[in-house]
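Undergrad: Keeping their order, the protein sequence lines are chains A, B, C and D. Under my numbering, residues 1 to 219 are what the first sequence spells out, in order. Under my numbering, residues 1 to 315 are what the second sequence spells out, in order. Under my numbering, residues 1 to 161 are what the third sequence spells out, in order. Under my numbering, residues 1 to 670 are what the fourth sequence spells out, in order.
Simulated from the structure, these hints should not be mistaken for laboratory data. A hint or two may mislead.
[To be verified] Which chain C residues stay away from chain B? Per the calculated CB distances, all over 12 Å, these: (1) R40; (2) C47; (3) A150.
[As the list claims (entries may be wrong)] Not the full set, but computed from the structure, chain B residues with beta-carbon under 7 Å of chain C: (4) M34; (5) R37; (6) G39; (7) Q44; (8) R54; (9) A124; (10) L217; (11) E218; (12) G221; (13) E282; (14) F284.
The beta-carbon is built from N, C-alpha and C at its ideal position, and this holds for glycine as well.
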Amino acid sequence: MSDTAYVQLLDLAAGVFLLAAVLMLWRRELASIIRLFAAQGAALAALVAILGVHQQHPELLGVAAGVLALRAGLLPYLMRRALAASGEARETQPLVNVAASLLTAATLTLLAYAVSRPLVALAPSPATQAIPVGITVVLIGLFVLATRRRALSQVVGLLLVDNGITAVAFLATAGVPLTVELGVSLDVLLAVLVLLVLTARMRIAFGATDLDELRELHD
Amino acid sequence: MNSTGAAGAVLQLVLVAGGAPLLAGLMRQVRARMEGRAGAGVTQPWRDLRKLLRKEPITPRGSGPAFRAAPTVLMATALVPAAVAPFVTTASPLDGAADLIAVVALLALGTVTLALAALDTGTAFGGMGASREMTVLALVEPTILLAVFALSVRVGSTNLAAIVTATLHDPLRVVSPASLLAAVALAVVTIAETGRLPVDNPSTHLELTMIHEAMVLEYSGPDLALIEWASAMRLTVLLGLLANLFAPWGIATGASLTALPLAVGVFAGKVALLGAGLAAAEVFMAKLRLFRVPELLAGSFLLALLAVATSFFLA
Amino acid sequence: MRRLLGKIRRTGRVAEPPIPASEQPAPAAAAEFGGSVQIRHVDAGSCNGCEVEIASAFSPVYDAERYGARLVASPRHADVLLVTGPVTRNMADPLRRTYEATPEPKVVVALGDCARNCGVFAGGHGVIGPVSDVVPVDVEIAGCPPPPEAIVAALRNLTGR
Amino acid sequence: MSAVEWGLAAIAGLAVVAVLAALAAPQRVRPTTVGSCTAALGGAGIAVGVLAAAGRRGAVWLPELLPLFGVRLEFDPLGGVFTAVAGAVAVAAALYSIGYTRHGLDSRTVQAALPLFVAAMLLLPAAASVATFLLLWEAMAAASLLLVLAEHRRRTAVAEAGGWYAVMTHAGMVTILLGLLLFAAHAGGETFAQLRAADLSPAMRSTVFLLTLVGFASKAGAVPLHVWLPKAHPEAPSHASALMSAAMVNLGVYGIVRVGFDLLGGGPAWWWLLVLGLGAASALYGILQAAVTTDLKRLLGYSTTENLGLVLLGVGAAGLFATAGNRALAGLALAAALLHVINHAAFKTLLFLAAGSVLHATGTRDLDGLGGLRARMPATTGLFAVGALAAAALPPGNGFVSEWLLLQALIHSLPATAVATAVTMPLAVAVIALTAGLAVATFVKALGVGFFAKPRTPAAESATECGPAMLAGMGLAAAACVGLALAPTLLVPALARAVQVAVPGTEAATTGRLTLELSGITGSMSPLLIAAALVVAAVGILAALRVFGARRARRAARLWDCGGGGLTARTEYTATSFGEPLQRVFDDVLRPEQDIDVTHVRESRYLVDTIHYRRRVPDRIEHRLYAPLLAAVRAWGEAGRRLANGSVHRYLGYGFYGVITLLVALAVTR
């Protein structure tokens, strides 16, 4: 594919990737958050595929397929099931109100840009140019982990962090070895399963999954 | 600046002034059809205007010059952008005013005059509408200017004609994340500025839920006609900007007069399309609570900032 | 959203075929309306039966809006005052003020038997009389309550569409 | 002796004459004489300033006037701009003061302080040596303090405000003193020429800059050093508020530009990021407070903080661009900042004088108690409207022009190489935009609630138009606003020269006679064209209405009150209710204190008798930052008092112990 088309597509994929993260911060309905997460997974897969095609790494295409299956298919499916099991439809009042967290996300973006500047400077290329996007997603994920109450949103936060790391890894290096990606994905899968089980247990124990109620466990 | 430019300017002025009520009619018609109605027809707003112009103007006792002047000023602030913005031609003779910031500020001036008029009457609803309108306006400004920023970074100018021409020369720019994000942000603020759902419900009868309507409750006859007409024109102007900043194809750039008719047709088509889309989308929306609106605007602000950010970190 | 869209497609158009305008001659003022009538509804003490019918007259089924009639929020915007119910003592002045607030040319429609001749409330406590005792009435719509068709027919007569 | 020097002589002479007149003239004619003398003084200031800004130089050295150092005055275009602004403000304020003479405002001290204050402000930008600068600075501070305290007999709040002002301004004075003395000591000379020539270690340069920045920023009313401003401005007599708010605060900016750019010749990026940050914070915080306050003059005071914040933002951006080596943009940003200084001076003078007339006529500054003035004081209302349009930064007002220039400078800074620029500029643009939006809301509130609708109190009911002198003062300011709004291009050469002093090697930021065309950047905007287009459109519309619609005559009818009884002033929206949505949106920043107490009727607790709603939006910075500080100071004071309880013996005892310890020390060290 031609260089300009490659750059355009890459940027577009990166843009969607970032936008999905932001919208996850914006929306309250857990269902639509999950939908957005699936979209982000797809964008990530597209990103990997584009890189693969451009760098003529056929195995990357395989990885892309894997990413798609896991992040746009399996994980959202699991989460949807957890959601159906728990009666909670919405993220009721997060610790930081939505407007404020959106503004925070804006500053996080600029921060990510500032810190990743030297990284990009090492080897300026369309791929590395997009690294800040990945870092932003990581930061947003951490922010979600820190400020959202529902256990499911916490899972989403964790997955956002992981998506961001993966994106950075692919953008920074010319294709992560397949094994690494598999390893990462597997332990993420594991973590998610554990969390989901926990969520279920918590719901059985407390009836709700408001993490603030975990404090009761500790005293 | 040439004869074509002048002709184009006049043409687009007439087009916007004459087409705005039709756009409003189209949007109502689309909405009616989606609600299973027959609809009053696209030309209904024109009938309303004609009748209102014939009716008797009323000045409430205890209101002052601000109340009297507001409709005219509002109309003027809608006419000037309609003449200068690159809708039909990029060679408007009034290029000195064809600055994106200036156009936005002019539209804001219109809102302000209406708010002052509402306060001038001294009714509770007038004050309420003015206060809410000003709140929304204040929160919309940052988004607009950041979107402007994002658009002008790639061009190096806030001059509308310059932005449009640059897009014409480099169409790939449009699909860049920066301009897509900016487009979404601008769309949101357009909705907020023109008082459409989910920010404000243009066809509400409940004063307590009103924003824009509450300010014009006292107007009647020709005054009301001017206000309705001007509001329709503001909507047209903003949609037109949205259309031509991101999809300027078909606009007349050269000095050939033959390009103008085509440009008119294309522009009308684009705006009609946008309007219909907006109306269709509104069917699926409920009005936001007033204090959820800042959330929406914060979101659009974030999009605009992301647009700026991506415009310099994604290549 | 997808579901709603599907519903819209399935439902299609529910508006009934046009209802012919009523035969009674339209008031002179209506000549100036030219296919556009803004209506301010005043409940002067109705039992809300008429309100239900008005609502259905403007519902998608009868869709009075297709003839250029529209309900508005302020008498300043209105051409027609649609008055329902017998005028009660507390609503007499508000009704007068509403009439005074409406710009010329204006038409007053007395909707329902109560508005025309106090109907079942005639001589009731707190009722001071039919609408025509308070403000000049141009059009009357009979019925208790009048069916939507009648309302639409009368309005068509005013809009002239 | 050059024209500028003659002008300086004239300023000095007129100042002396005015002061003598204030002391000598009988009370009856005192305000007139002093006012006209001060106006003449201002006129001389304008003349000198314009000459200097036009590039005419002039220097005076009076060795004997001040022991050891002598007074050294020298004009350059940069100083000229500020002197001209101060002069113009002085003319308007002085004319106004002729008519504004109640509650002992015509006492000797107050009348004498006015010309002294003006003269100090006119000469300060010409100071060419540290000693002269500090002398004039102190004179300015002292004279303005006297004016602030003018009405202390009538209102206790005045004394408190005066206290805050005295403390803040002198604290600032001290830091400036330290900074400049440090500078002079290391430069080995106290004239500005020597300071320019000096080469200091980077650490020392930064110390000097920071020390002076604190002082100048507090004078410019920048957050968090602004606390004196919203206190002193409302309490001072209005022409004094105008002078302080439109002329004096500018000199803080002047100081930063003079020291930072001219004397220190620019510095590292972080200096300017700091200035930019200060500016952004001030702009946002100032306008937020203004948007929710209901005191008209307090609102204007906060709006001063906002506008000076925008100016500082421009100055900071200019410094940033200059360090990045982008001289064209630096020039543009600084020109925008200076233009905004001028515009702000024009409309803020007008607004404060108009507010003064309102206070004069109604005796209240509380917007919730005003209203309906447009019928009773039409001229004042019209003039205030002109000022409000400018302050709201909407076209065709003059505020819009400078904000447009500022935005242009920031917007064209991208794509940038420096991370700092790339990250700060979008935020800066956002801040300016939000500020502009809130300013619109604020001044719609001030005009719409304060002057329109029905009067809310008997005081407002019985208001009457103010006298010719006051109207003349306002009229001048309004004329300045209109002129600046339509033909800002006339100032371009002067601004270019002034900018050159600060950022050498820049050409004029804009060109074009009727249109502002940015040089080096594509971008143009013609205020005149916009205004003309609006007028033409309006006329066209009216003509069209004549021809086509409106055959019926206009009828006057009662307000539409939903058919209920007549609407009284109690049902009007007040300033409090107008600002409520914004206050709610920015709750986390403003932290308003509000309490509602409902009293029920005796019979049943379900029936409400009365509801009292009270809301205060305290200045949070003042509470959080200064309250602890004051507490600490008070503690020290207590300790001090125990030492000094007024007994003569104890003081003698201190002296005695002192001598003894000294002798012992000598004995030991020998």
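Undergrad: Decide, hint by hint, whether the structure agrees.
TA: Consistency of the hints with the structure:
| no. | hint | in the structure |
| --- | --- | --- |
| 1 | R40 | 10 Å, violated |
| 2 | C47 | 21 Å, holds |
| 3 | A150 | 19 Å, holds |
| 4 | M34 | 6 Å, holds |
| 5 | R37 | 5 Å, holds |
| 6 | G39 | 6 Å, holds |
| 7 | Q44 | 6 Å, holds |
| 8 | R54 | 6 Å, holds |
| 9 | A124 | 13 Å, violated |
| 10 | L217 | 4 Å, holds |
| 11 | E218 | 6 Å, holds |
| 12 | G221 | 5 Å, holds |
| 13 | E282 | 12 Å, violated |
| 14 | F284 | 5 Å, holds |
Of the hints listed earlier, those the structure fails to meet are numbers 1, 9 and 13, in rising order.
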